[in-house]
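Engineer: Each chain, written out:
Number of protein chains: 2
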Amino acid sequence: MTEQLKTIGVGLVGFGTVGTGVWETIQKNGQLISDRSNNQFQIKIVKAAVRDISKKRIEDAPAELFTSDWQDVVQNEEVDIVVELIGGTTTAFDIVAAALKLGKTVVTGNKALLAERGAELFALSQQHHAAIHFEAAVAGGIPIIKAVQDSYVGNEIESMVGIINGTSNYILERMTTAGLGYPEALKEAQDLGYAEADPALDVNGWDAAHKAILLASLAYGSVIDPADVYVRGIERVTSTDIAFAKNLGYNVKLLSVVVKHADGQIELRTQPSFIPKSHILSSVNGVFNAIALKGDASGDALFYGRGAGKEPTASSVVADIVDAAYTVSTGAPHRGFLPYSEHTQVKSIDETSTPYYVRFDVTDRPGVIADIAQVLANDGVGISGTHSPVDPENPDKEFVDMVFLLHTCAFGKLKATLKKVLALDSVNSEPVVFRIENL
Amino acid sequence: MTEQLKTIGVGLVGFGTVGTGVWETIQKNGQLISDRSNNQFQIKIVKAAVRDISKKRIEDAPAELFTSDWQDVVQNEEVDIVVELIGGTTTAFDIVAAALKLGKTVVTGNKALLAERGAELFALSQQHHAAIHFEAAVAGGIPIIKAVQDSYVGNEIESMVGIINGTSNYILERMTTAGLGYPEALKEAQDLGYAEADPALDVNGWDAAHKAILLASLAYGSVIDPADVYVRGIERVTSTDIAFAKNLGYNVKLLSVVVKHADGQIELRTQPSFIPKSHILSSVNGVFNAIALKGDASGDALFYGRGAGKEPTASSVVADIVDAAYTVSTGAPHRGFLPYSEHTQVKSIDETSTPYYVRFDVTDRPGVIADIAQVLANDGVGISGTHSPVDPENPDKEFVDMVFLLHTCAFGKLKATLKKVLALDSVNSEPVVFRIENL
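Sequences listed follow chains A and B, in order. So the numbering used here is basically just the index in the first sequence, starting at one, shifted up by 121. So the numbering used here is basically just the index in the second sequence, starting at one, shifted up by 121.
Hint data in this document are derived by calculation from the structure and do not stem from the laboratory. Incorrect hints may have been included.
In this list, chains with the same sequence are indistinguishable; a pair is considered to hold if it fits within one copy or across any two.
[To be verified] Below, computed lysine-lysine pairings styled on BS3-like, alpha-carbon distance capped at 27 Å:
(1) Lys165 - Lys415
(2) Lys398 - Lys367
(3) Lys149 - Lys165
(4) Lys367 - Lys177
(5) Lys149 - Lys415
(6) Lys415 - Lys398
(7) Lys468 - Lys149
(8) Lys431 - Lys415
(9) Lys149 - Lys534
(10) Lys367 - Lys308
(11) Lys177 - Lys222
With these hints in hand, go ahead and build the complete structure from the sequences.
Structural biologist: Structure follows, in structure tokens:
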């Protein structure tokens, strides 16, 4: 039967870790894929662009597969689907744009490209009736894109809260369980290959933020400007705050939060947050990812799995290729995401509200707690608890860390109040603030 | 723009809880669904068959929508997609078969129908080029069908382990956390509407087993005969064993296990099992469902959410309707499941291996432990631990329950050995056996 199947040609631009994984998966499970697709087509990788064509690649890939010019892939008449795997937002943009202009379907895992330059690319997708598929861009092997786009198509998405950067999650976990400082935990992650030599996008929160932007775009139908989004990374998380969190019953996780409010505005932020140890997201350890989603019909759901790595990412790229093949093989209109809403209003971070953990560096003298508490009280910021460690063997030792747990208030209001607290003589430096998430 | 959209007509057979949920979801989010589907179509419910046409239904449904004859739905020329929501395996079969013979797409949440009579129905699906979609048949609002069918299409599925009957999960949880006996916990579940007046299919394991059969069919491409499947329910789980499990660091969960073995055979069984308290599946409480899936590329993933209920089930039915609408609106070949493999060999339950918990009802006299241990040793069944509760205030009190934790061995071998143990004078009745799952 196989010879009667329509062949869908796939071109890869980039043949590194993920590209190799895609090749291997299709070699290994190609027959299974055709079977499961009711033998409507077979997938064949017909061209792959690589930087260094002389480099030895996997055994079963023929030499004529490779080219050093991405145009050879995009322009190739046998290529129906262009898979962009080089990363970055410049050449990758040119490749994706060129493919779309030729009416070719694009599959990419490039979250930065779509989050930063999605407006241009989705416009090309619409204009040229060519889909962009991007399951691999968010949470590796977890099919969250398809879930939001297809499985929850009948739902208003009320919220999505995710741990979607494995590197940060690994570092925070090691700080929590092994008591490592941030630099040691980062070094360990790098040694294990969990963090890049340049870990900036992972630890500064932007990798997660890009993914959250894509999820929000899917859920609310418009391209979102990254400039509207609040992002803080884990670089300044200290062992001190990790230890306080543990004592108070929390874990610190780099959390991306997307919430649709009654006023139609979207809360969209990424930062290290306190979450209760008892919450299921607290159990997401190592380089795993998880996304808790709430739809108005589906109710609460959670998706958990590997957020990166060769095979899990390849699994998602292959799923996108097959998804695309159904429409490419029949000429039916594609099912890729297209924006349908002019604009999604992102709520100002100052107007978003949670409870907070605030740690002050203070000089321990009579009145310090009263002074801070009074400033908070004057501004109507409620205190749910206070905490300062006492050495049982030396109860008269002066404390330097004074922790206040504060009731829910707007972030802008909190900042204004903390400015007044900082003016107190006994408060020595900018307080450290973490959100306590209401999950 | 709306008036230019192609209308896809949907007919419901059954307008109870889920049918009402489908109606409400499409009324509420219909525009959103069209937007998200790139305005390729709009969904309209054009006919609904009900048992009692005189019964007052929801306000905004016009009287002419309803009929008491399901043929009015299936034969209706405006109906492109027939949604079967009446349950059962007789009339439901006739309805689904009639729709398929007319080349109409079927959406159903009827796990019993597909697990018991799938061979006939999928043959009709193939013959008449009409898809059967059944996301709602497994795990309510969790999109596990689409995940297995589409998102993991490039993966060999190595295993799926799930808590997929909310009623049983609720009862076992209440026995565990509130110390209730089985009858009290069942009564509570019935009072809360979590269990039917006739809870047989839920508590005897067959509801979960039907779902596991469907998951295995999807993953391995053939219809599976329910007669090949091992199923035990929770009716005989006692407070005694729940208490032992807790003390030993386990929770008892009704677990459906699907494993592909190296010999190509599929292990497929449903029973109450011990799982470590630390495993993420142990945190799945109440009426929630979860499925842990392992693919050869994706690695470990977990899907969690509401397993039943009006809105979650409606969410999945609507997702299927929209999925079907893409192909129905273009005439492209459908993407519904079709078997592609002649036969899936289900491994004999006697050849499946796990560690075990075995509780003996014994007469406490010198030699009883030695006697049992000797029988086990003679047969080469390893003991990993023993446990019998001692009353600290009365250490000489005779025990009646003697628990052995046994190393992994084949179930058939265990049964043969236990028969010999039962022949001992000091062993009073059939031992109680639970599998300890290696997750």
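Engineer: Between Lys431 and Lys415, at a C-alpha cutoff of 27 Å, which is it: within one copy, between copies, both, or neither?
Structural biologist: between (29 Å within a copy, 15 Å between copies)
Engineer: Given identical chains, is Lys398 near Lys367, meaning Cα to Cα at most 27 Å, within a copy, between copies, both, or neither?
Structural biologist: So Lys398 and Lys367 pass the 27 Å test inside a copy (8 Å) and across (21 Å) alike.
Engineer: Should Lys367 paired with Lys177 be assigned to within, between, both, or neither, using CA atoms and 27 Å as the limit?
Structural biologist: neither (49 Å within a copy, 55 Å between copies)
Engineer: Can you give me the call for Lys165 and Lys415, within, between, both or neither, at a CA distance of at most 27 Å?
Structural biologist: For Lys165 and Lys415, the Cα distance is within 27 Å only across copies (25 Å; inside one copy 38 Å).
Engineer: From the Cα coordinates, with 27 Å as the cut-off, is the pair Lys415 and Lys398 best called within, between, both, or neither?
Structural biologist: This pair counts as both: shortest intra-copy Cα distance 20 Å, inter-copy 26 Å.
Engineer: With 27 Å as the alpha-carbon cut-off, assign the pair Lys149 and Lys534 to within, between, both or neither.
Structural biologist: neither (57 Å within a copy, 36 Å between copies)
Engineer: When Cα atoms must be at most 27 Å apart, do Lys149 and Lys415 count as within-copy, between-copy, both, or neither?
Structural biologist: between (36 Å within a copy, 17 Å between copies)
Engineer: Under a CA distance limit of 27 Å, which applies to Lys177 and Lys222: within one copy, between copies, both, or neither?
Structural biologist: Answer is neither: 33 Å inside a copy and 55 Å across each miss the 27 Å cutoff.
Engineer: Given a CA cutoff of 27 Å, do Lys468 and Lys149 count as a within-copy pair, a between-copy pair, both, or neither?
Structural biologist: between (47 Å within a copy, 25 Å between copies)
Engineer: Using 27 Å as the alpha carbon limit, work out where Lys149 and Lys165 are close: within a copy, between copies, both or neither.
Structural biologist: So Lys149 and Lys165 pass the 27 Å test inside one copy only (12 Å; across, 42 Å).
Engineer: Given identical chains, is Lys367 near Lys308, meaning Cα to Cα at most 27 Å, within a copy, between copies, both, or neither?
Structural biologist: within (23 Å within a copy, 40 Å between copies)
The structure fails to meet hints 4, 9, 11 from the earlier list, while all remaining hints are met.
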